[in-house]
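Peer 1: Using the hints, build the complex out of the two chains.
Protein sequence lines, in the order shown, are assigned to chains H and B. Residue numbering for the first sequence is 4 to 318, as defined by our numbering. Residue numbering for the second sequence is 779 to 1226, as defined by our numbering.
A portion of the hints provided could be inaccurate.
Claimed, not checked - So, partial list: chain H residues that the calculated Cβ filter (under 7 Å) puts toward chain B: (1) I188; (2) I196; (3) G272.
As the list claims (entries may be wrong) - Taking beta-carbon pairs under 10 Å as the criterion, some of the chain B residues facing chain H (in silico): (4) E990; (5) R1036; (6) T1050; (7) F1082; (8) I1091; (9) T1136.
What the hints assert, rightly or not - Restricting the straight-line Cα-Cα distance to at most 27 Å, the calculated cross-link-like pairs of lysine-lysine (DSS-like) are: (10) H:K84 x H:K120; (11) H:K318 x B:K1066; (12) B:K951 x B:K893; (13) H:K270 x B:K893; (14) B:K893 x H:K276; (15) B:K828 x B:K1034; (16) B:K920 x B:K965; (17) H:K10 x B:K1034; (18) H:K168 x H:K146; (19) B:K1138 x H:K259; (20) H:K270 x B:K965; (21) B:K1033 x H:K10; (22) B:K1225 x H:K259; (23) B:K1034 x H:K257.
The hints are simulated quantities; they were obtained by calculation from the structure and are not laboratory data. Using N, Cα and C, we set each Cβ at its ideal position, and we do this for glycine too.
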Amino acid sequence: MTLEIPKTLYSGKVREVTLGKGDKAVTVGGESCYPFYLFEGEMPHLPRIAMEVWDCPPEGWAEAALEPFAGVTDDPVAWAKKCIDDYGAEMICLQLISTDPNGLDRGVDEAVEVVKKVAETIDVPLVVFGTANHDKDTEVLRKVCEICQGKDLIIGPLEEGDHKKIGAVAIGYHHSVIASTPIDINLAKQLNILLGNLGVPDDMIVMDPTVSGIGYGLEYCYSVMERVRMAGLTQQDEKLQFPIICNISKETWKIKEAHIPTEEDPKLGDVKKRGILWEAMSTMVLLLAGGDVVVMRHPEAIKLVREMMSELTAK
Amino acid sequence: MALTGIQIFKLLPKTNCGKCGFPTCLAFAMSLAAGKVELSACPDVSEEAKAQLAEASAPPIRTVAIGAGDRALKVGGEIVMFRHEKRFENPNGFALLITDTMDDAEVNARLERFKQFEYERIGLILRPELIAVKDESGDASKFEALVNKIKQSSDGSLILMSGNPDILAAGLKVCADRKPLIYAATKDNLEAVTDLANENSCPVAVKASSLEELTELTTKLTEAGVNDIVLDPGSRSLRQAFEDQIIIRGAALIKKFRPLGFPTIVFPGEMTDDPMKEAVIAAMFVAKYGGIIVLSNFYGESLFPLLVERLNIYTDPQRPLATTEGIYEIGSPDENSPVLLTTNFSLTYFIVSGEIETSKVPSYLLVKDTEGLSVMTAWAAGKFVADAIAPFVKKCGIGDKVKHHKLIIPGYAAGESGGLEEELPGWEILVGPRDGSLIPAYLKTWKS
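Bound conformation, chain B alone (with noise of 0.2 Å):
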């Protein structure tokens, strides 16, 4: 697959212009290599190269778009087995499943509970993508009446579930323009599903009783020029379903096997009626190569440390997440709280913060920003020091909620107190405890 820089270095101009913000089109091509520049960086790129790279670094697994809009979609474009080997690169996408033999208040209770789940942590919003819409009445109106309905009242993305072709055309015939995933050509309808998704241009979703009839479906779909497609394996039992992830992301990765390099959708509610081991086998499947997860109800419990662990496993390793500088305050407190100071490593963030609402104590938690570092490392690189800390303190306004001005810094950066009372004219500084876990005791005997 990916071309060597000299490989790539053949197709540039060879001119050296400096156009790309480098010196030379081999240093530019070493770059492209490495993945760290894009080609569009090139003006003077000839057409026929593009066409040579763009096929030669085409990655394995397939970056399938779903959806149009402020919900849309990207699934795919994974390049590794293990998150440590590099990052593993989009998000899988949840949807909530609404079929056309619910009654209308369930289906409105659902629609309410997609729009109401939305979620803040750490600055991020996380919320479900999907909404899959099946049809279990074999009613093809029926079908496009609901799937209308939803189209008109959500802004999910939608799945259009249903293995009759002229049903699915009823749902697409409404929605075409948002992009729906077409779930799902089978050995028995592939051609006119296949039809159905090139004239709607829309992606698709394949379902085999096996790896090996998937492998032809796919190969036939590509072959009719269908190429944005998801892979539905067929296995419901929790061995073969996680062994198929599995196989379906090697065989794409390793053998670069082209017939399974797609993403993959999977139903954790096909494999239990039990809603707490549906939330158990989705956890699975979003750390095991689940590429869309159809939930078949939404329940705060379980969607919400679902979105909180795919935000933690698609964190790329390289790049801590960071919270946002600033004063943070906890439990309602006052110009007699105490105020604590920390970085914003968002780990640090969370084990600092949440020991503070265990003390009870309300107080205000200032966090510097440290470039995502923790209090012992931003403090061995200088970026909580004294000379930083203090400008921060300063700007941030905090002078003014409190009457006191002592500041707890973290026990890690003790040896910073006296440059602080230095920079910091008329604050205290008092060192509080090196592990977050004694925050608690040592907040107790606060006196302001």
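Chain H with its partners taken away, still in its complex shape (with noise of 0.2 Å):
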């Protein structure tokens, strides 16, 4: 018997989106197929990593995460400085963590300089995550796209409650948002077509499906992403072509399998390697569902999703 490939037949394509500007502004999306199913379509533009930066000295951290920053966790500016240049970071992403009404509360003007300075320091393309409390996200969110006019930022995250404040503000001010919503594909879909109508250009916009990692609910993002690329690409689902973005690390890192040390259950070997493991695996598979651009924070589970991707994609 002769054997018969079969081939999935695409009608779509996810959309190209450019972060950033300059020299370092990245484009990502433009598949053509399911990811890295290279035999069937293209892939023009690898998924991204983006190195996860707190706006506060984070609190809680496992040993094996706080390591590599060692001396920069209490200034953010030095912290993103040290991802791109010591560990080659092309996107930084920072999280907003100090602005939490139920954490520090960090008053917006404050929080907005910090994200400023980061601005101001950096070239590569900054994604900024607030909190995802609407009221408070609303205040910092608007007056971060004001004050960081020209450095086309990514503003994040907007959702249902919010989107209609920060996405017009962000629009003002030329930077891409993120349309977050909860781990639903029909969700997903009606807070694009929202953002749509309220003028947000379509290659302004990336999709935040909220994920989670290995043993916490990743089959539900898994799910949720597989078929969102499936209406992209092969149901014609304009709405849904979309780059997708994860959230991953600070996920993974928080569990408390991140956490058990070594000694306390050697069942679960060393406590370092499964932090970094847990994240690069969870990753991993976010990417096999569709993930373009992926939060990350440990530069040995970044070193191996890197590999894993060029190898994947390899001539």
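Peer 2: Here you go:
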């Protein structure tokens, strides 16, 4: 019998979206096939890794995750620079943890000042993630958009409850937006439509389906992402043809498995390697489901994922 | 492949006797076509019809059984490309490699790890199934001795790895009763290995250097009566190996191409020397179609997340995982510790228990059976309301464990607090946060 190689019938493509500006701007998306199915179509741009920086000294981080950033975690500017200079980050994701009303609840001006400094120091694309508190994000992110005019940031999360207020300002100052929905393909589509109605251009939207790592709901976001890709690539659903961003590292490092000391449960192996692998493996699985930008933390996890991407696309 | 209800109906007795539990043969046929019942529910179906139905309903990817006893494993039998289309059926197996050139100490250490590495999660035992015994010495007696040793000291299902049929035969001599997977038939040894598989009634893996060659080899094997086959397309570069997995699954499911309608075996350890990278490659194959994943060694830091990932990927999307109802103690609580209540959707349980752990406040967590629904859904469905919660709180015995009788309920169930105070006399109901991430802050204010 002669082998018949099956071919998926693709009828659509993921939109190409350029993030940041200048020499270091990156373009993501553009896939005309399922992730890494290069025998069926093209993946003109490799997924990008945005290295995670917090706007305040991290509390409760595993030692393994702090170690690579020793000496800079109290200074977001130095931290971001270290990611770029020492670890080759092509993008930075600044998490505005300090603004959380249930945490430090830092004021708008102070928070925005930090974003401004980071944005002025680095030349790679800068993702700015709020805390998904609608009132606070609206205040903070609107101001960020204004103060960082000309920096072409990527601002998020925009959710149904605050997309108008933040989206309108983002358009005004030419920043891209992250459309964030809770693990649901229909809600994701709806928010993309709402953002379109608001006037956000298609090439300035990336989707955040809300992700989680191995053991903490991976299967849900995995399947939602696969369905998003299927709809966009094979069912001509234009409102789902946006690149996907996965804010994954803070999910995998907060779980107890990233913290249990080696001695406490020897069957769980080395705590440092365990944390790194939990991040790298979870990220890899999300890339297989359709991630275009992944937010990552540990340089060794990043190295592993980079190698995987490069070998999966090797000529 | 699958027959329609009408086609099946034609093969049934058409007596409408009702013994199968359905009022008519047609109703039974329809349920059969939908995969909801087994043909064996009909006591009067003819042998001929049975054979025809079995042939027609043969799955596009064969289910292959490997091993015997406790760690026996079934792989294959998959029916979809994407898990959301129905579900992935038979979780991949994980195998530990042991070679006959390793010294005794190393072999013993590996056997010990194989036994030790067993984990409990939401009431399920997660563990690897297989040991791959590999001939590297070229010495049949050495191989046989090692297989024998492993067989005696482990209940793992076995894979016998050699290109030499004589050496495989030596291994089979001591463990054929354990139904090992023979690895592998190749174009150079096909006849001899086919005979071994037939004589010992063991499943056999086929290793080729391309998908075309694989097709030729499996065709010959099935012609010779060997049907329990596992596929190794031979690719060891990441890109090719990934593509081959997808093409094999697609050819079998979409093109109904029988020669590739079998589960696969992959060797991440032959694609890299770095154990960390090997783990990430294995993670890829868990999601994308690896049937048996052979690891060059087991490390807790990688095997555990791989086992959990497998559990996630192979979870039926239509049936969320649930954890067992009961009292969970987090961080050695005492009679003054807080008591929190949540539902038994496994994700809810993981998030809530994780946040309590983060708070470092020793606590009791009461997990109420809500048939695997999250707090909001369970509440909306009437499974997490005062009438349902109160009997559970009374019955579970938490009242004897704490002095204070204060119960913290999820913010989303705040509407139940009045009802609960009525149903649980003597208890004070406190409304906790809506979002799990706010639990640590909430618990820090706890006073019994």
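Peer 1: Does each hint hold? Answer for all of them.
Peer 2: For each hint, the structure was consulted:
With its C-beta approaching chain B no nearer than about 10 Å, I188 of chain H sits outside the 7 Å limit, and its interface hint is violated. Checking I196 of chain H against chain B: minimum C-beta separation of about 22 Å lies over 7 Å; hint violated. The criterion of a C-beta within 7 Å of any C-beta in chain B is met by G272 of chain H, whose closest approach is roughly 3 Å, and the hint holds. The closest approach between the C-beta of E990 of chain B and any C-beta of chain H is roughly 6 Å, which is under the 10 Å cut-off, so the hint is satisfied.
Interface hint at R1036 of chain B: satisfied, since its Cβ lies 7 Å from the closest Cβ of chain H, which is below the 10 Å cut-off. The criterion of a C-beta within 10 Å of any C-beta in chain H is met by T1050 of chain B, whose closest approach is roughly 8 Å, and the hint holds. This hint holds: F1082 of chain B has a C-beta 6 Å from the nearest C-beta of chain H, less than the 10 Å allowed. Because the closest C-beta pair between I1091 of chain B and chain H is about 6 Å apart, less than 10 Å, the hint holds.
With a least beta-carbon distance of about 7 Å to chain H, the hint placing T1136 of chain B at the interface is held under the 10 Å criterion. Note on K84 of chain H and K120 of chain H: the hinted pairing holds, with a Cα-Cα distance of about 11 Å set against a maximum of 27 Å. Restraint check for K318 of chain H and K1066 of chain B: satisfied, since their Cα atoms lie roughly 21 Å apart, inside the 27 Å limit. Between K951 of chain B and K893 of chain B, the direct Cα distance comes to roughly 24 Å. Compliance with the 27 Å bound is thereby established for this hinted pair.
A C-alpha spacing of about 11 Å is found between K270 of chain H and K893 of chain B, which places the hinted pair at or below 27 Å, so the restraint holds. Between K893 of chain B and K276 of chain H, the direct Cα distance comes to roughly 22 Å. Compliance with the 27 Å bound is thereby established for this hinted pair. With a CA separation close to 22 Å, the supplied pair K828 of chain B and K1034 of chain B stays within the 27 Å bound. Simply put, K920 of chain B and K965 of chain B have alpha-carbon atoms about 25 Å apart, close enough for the 27 Å limit, and the pair holds.
With a C-alpha separation of about 13 Å, the suggested pair K10 of chain H and K1034 of chain B falls inside the 27 Å cut-off, and the hint holds. Under the criterion of a C-alpha separation no larger than 27 Å, the hint pairing K168 of chain H with K146 of chain H is consistent with the structure, at around 11 Å. In summary, the hint linking K1138 of chain B to K259 of chain H is supported, as the alpha carbons are separated by about 12 Å, within the 27 Å threshold. Our distance criterion of 27 Å between C-alpha atoms is broken by K270 of chain H and K965 of chain B, whose separation comes to about 41 Å.
Our distance criterion of 27 Å between C-alpha atoms is met by K1033 of chain B and K10 of chain H, whose separation comes to about 10 Å. For the suggested pair K1225 of chain B and K259 of chain H, the alpha carbons sit about 25 Å apart, so the restraint of at most 27 Å is met. Restraint check for K1034 of chain B and K257 of chain H: the C-alpha separation of about 44 Å exceeds 27 Å, so the hint is violated.
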